[in-house]
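J.: If you want the building blocks of each chain, they are given just below.
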Amino acid sequence: MLGRMTRRLLPYLALLLLAPALVACGGDDDDTTVTVYAAASLKKTFEQLASDFEADHDGVTVELVFGGSSDLVSQIQNGAEADVFASADTANMDKLTADDLQGQDPQDFATNTLQIAVPPDNPADVSSLQDLADPALDLVLCAPDVPCGAAAQGVAEAAGLTLDPDSEEQSVTDVLGKITSGQGDAGLVYVTDVLAAGDDVMGVEFPESADVVNTYPITTVEDSDESDLAQEFVELVLSDSGQKVLTDAGFGAP
Amino acid sequence: MGQTRAVGLPRWVVVPAALGALFVLLPLVAIVAQVDWSNFWGLITSESSRTALWLSLRTSTASTVVCVLIGVPMALVLARTSFPGQGVVRSVVLLPLVLPPVVGGLALLYTFGKRGLIGQSIEVVGTTVAFSTIAVVMAQVFVALPFLVVSLEGALRTGGERYEVVAASLGAGPTTVFLRVTLPLAMPGLVSGAVLAFARSLGEFGATVTFAGSKEGVTRTLPLEIYLQRETDPDAAIALALVLVVVAVLVIGLARQGRSAL
Amino acid sequence: MTLSFTATVTDRDVEVSFDVADGETVALLGPNGAGKSTVLSVVAGLLRPDAGRVELAGRTLLSTGGYADQARVDVAPHRRRVALLAQEPLLFPHLTVLDNVAFGPRSAGVARAEARSRAQEWLDEVGIGELADRRPGQLSGGQAQRAAVARALAAEPDLLLLDEPMAALDVAVTPALRQTLRRVLAERTCVVVTHDVLDALLLADRVLVLEGGRVVEAGPTREVLTRPRSAFAARLAGLNLVVGAWHDGALVLDDGTTLAGLVAGESPVDGEPVVAVFRPTAVAVYRSAPHGSPRNVVPATVTQVEPLGDLVRVRAGDLNADVTAPAAAELELVPGVEVFFSVKATEVDVYPA
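Protein chains in written order, with the numbering used here: chain A, 840 to 1093; chain B, 27 to 288; chain C, 171 to 523.
In case anyone wonders, no lab produced these hints; they're calculated from the structure.
Since no wrong hints were added, every one of them can be taken at face value.
Which stretches of chain C does chain B cover? Using the computed rule of at least three CB atoms under 8 angstroms from a CB of chain B, they are:
no., segment
1, 266–280
2, 315–325
If you want the ones that stay clear, here's a sample from chain C, every Cβ over 10 angstroms from chain B, calculated:
no., residue
3, T176
4, A241
5, R288
6, D340
7, V341
8, T344
9, A515
10, E517
These figures come from a predicted structure and were not determined experimentally.
Glycine included, every Cβ here is placed at the ideal spot set by N, Cα and C.
Based on the provided sequences and hints, a complete structural model is requested.
T.: Next comes the structure, spelled out in structure tokens:
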């Protein structure tokens, strides 16, 4: 009885297993596609770089997948078909190399430092890192578990300050959301995030930001079907023109 | 004892029904399979985990109480009265059921936030809900309230007004009728509605993260803790996820028991 | 405790006016949709008429205005002192039988212990005192309806409304409950809606026949039931009503046919007008006169044969007999056929007319 049932179920199970593959195969077969997994903070710059890359390579499409670096790593570890991986920190890149999933040794291609983000009218009148220690201030940081939070903790320690945030958010986006809505008076995010947010937030520079510099490494992924193109994309990012796109967005040189 | 026979049940429906059950069950099995059992106890009893679980239980209980206090009158008004625009009101009340919780969080933010519609007036009184446990409860109430209202309104409608009419003819005023007849008769609906509201509050993530923020012991409930732990310690995230599943199963199981005992 | 009622409900085409004297029971008879329930709803305060006026025991419960010196009045149902006993007992399932009956007194502010002792008295009164601690779910239909009667009476209403109180009960338990009702309602101001002429006969002092939202007939119960014109009332329930005079322990019709039956109450004296009531289902139909049977036999000519649920109703003048379809076929019952209606004396109730 059980066997009969199983046989009846088999077509359905097969369908279930095949469905993701079918969807994945549904794309354009004529084009060659390079899939780039990149940290969310690289969205604007990598979109620019991808269109530059496509312009130079006829018939090649760059598919960009943005997300938290740790999410991206775990997806690649679970078999996602990425050709290039650009991480927002070395820690997540280390996870990849620990599993020997890198196609080559990772190379640093950008750095990023923190800036204080405040609402455009700066209601709490924040002008220095020390101002963030004011308990009356509604301070929003990233959680220490995520890279931007670790960096925030780093600058505070270097400055000998104890920051008591009112909220420790999951991501830079969540921090910026609290600042743009006016819920928070100040937050610590990357320079590039402040620039990308445009007029909704104002950035306040502080000298201690130099104490914690976040480094972005990039690598091709092992077993890439398009390892040559992947390599070329990495080279573009490291090239002068690629570096210019990054510095324009506020990134520092590696 | 004889068995009754299901009439009007084509045998083939068993297949999609079983597949559906598997679709829900398998991921739960997968979580259990993924748990790092050797460190399980340590992972779920860590300071931050216990704090998050305790906060979740407290806020979910509070939000369930609030849901009952305001949901019961809402369900009563919807079930027992008719007024122009009632259909629209019902749809609006039920909106959070279909709204992404993040949208709910944004809506709350621009209402009760520091610069929100009435948040500014609240601040004048000298208090602010920003980054407070109250904000967590508000987010949970926002998403959980419709569950209670829908469940109770259904029970009230099914029960009908006949017992209330009899009670009134025996001289009982509206409040007496409500407390001694309507409420006891609708109790199963109220209990299941409250359980659903509690379970929904327990699982609330999107509105909380958007509206309340995330701070250990204040606003970081268990789902937020799980999401955060995922970043650095996936094993802890999975262990906590299992705890959440177990708590949810316990709540629903207990409520079923309670209902059959009623 | 006099009730005075006048109401017009336009969209249900009901326009009814009547009075109930203190301590009087009035039966509302009529087909479905005649407006009986509408009348009860207006009295109970569940339905506001387009125009009307309801007064009970000197209080104005409802006035839609329009009368010379009357302001608009609409007393809330729970302040009317009008108790409702419906077809179904509707005992509160979450309370014990005793607490169900104590509900009225409790709502009136009587202390719990006192309310319970009164409730116990009422349960004893309707004959189910020993069931006080049960839950409604543990009662039979008849017991539950008795509890509902006790509950309605315990509320000490000025007026009791009964909406087909026995329609949902097993026929086996209705006679006993009817006797109980007859006893407890005796001195009460009461309105009974019923389909059953027997209810009217035994419970009511007066009868109102409603049809199409109007009172088409009104009068003392016996008068309405014994006058030929009032066969309408009997036909509502399909009961056979035979009017005659009492001679030598039986009812004698004008044509000399005699009907033996059970007398309710004191035996009539010879020559006194009486009415015999029996159900069509109690009537057996024969093509030739049955012999050696203790039954009453009445010769009749079939005037009409019509299906009635599982049965076939055979009409012969004012008399009805309900027989099974195979029996009707076997007897070849068609209009014009000469038959004999036979009914056991124990199935015939005789009342002084």
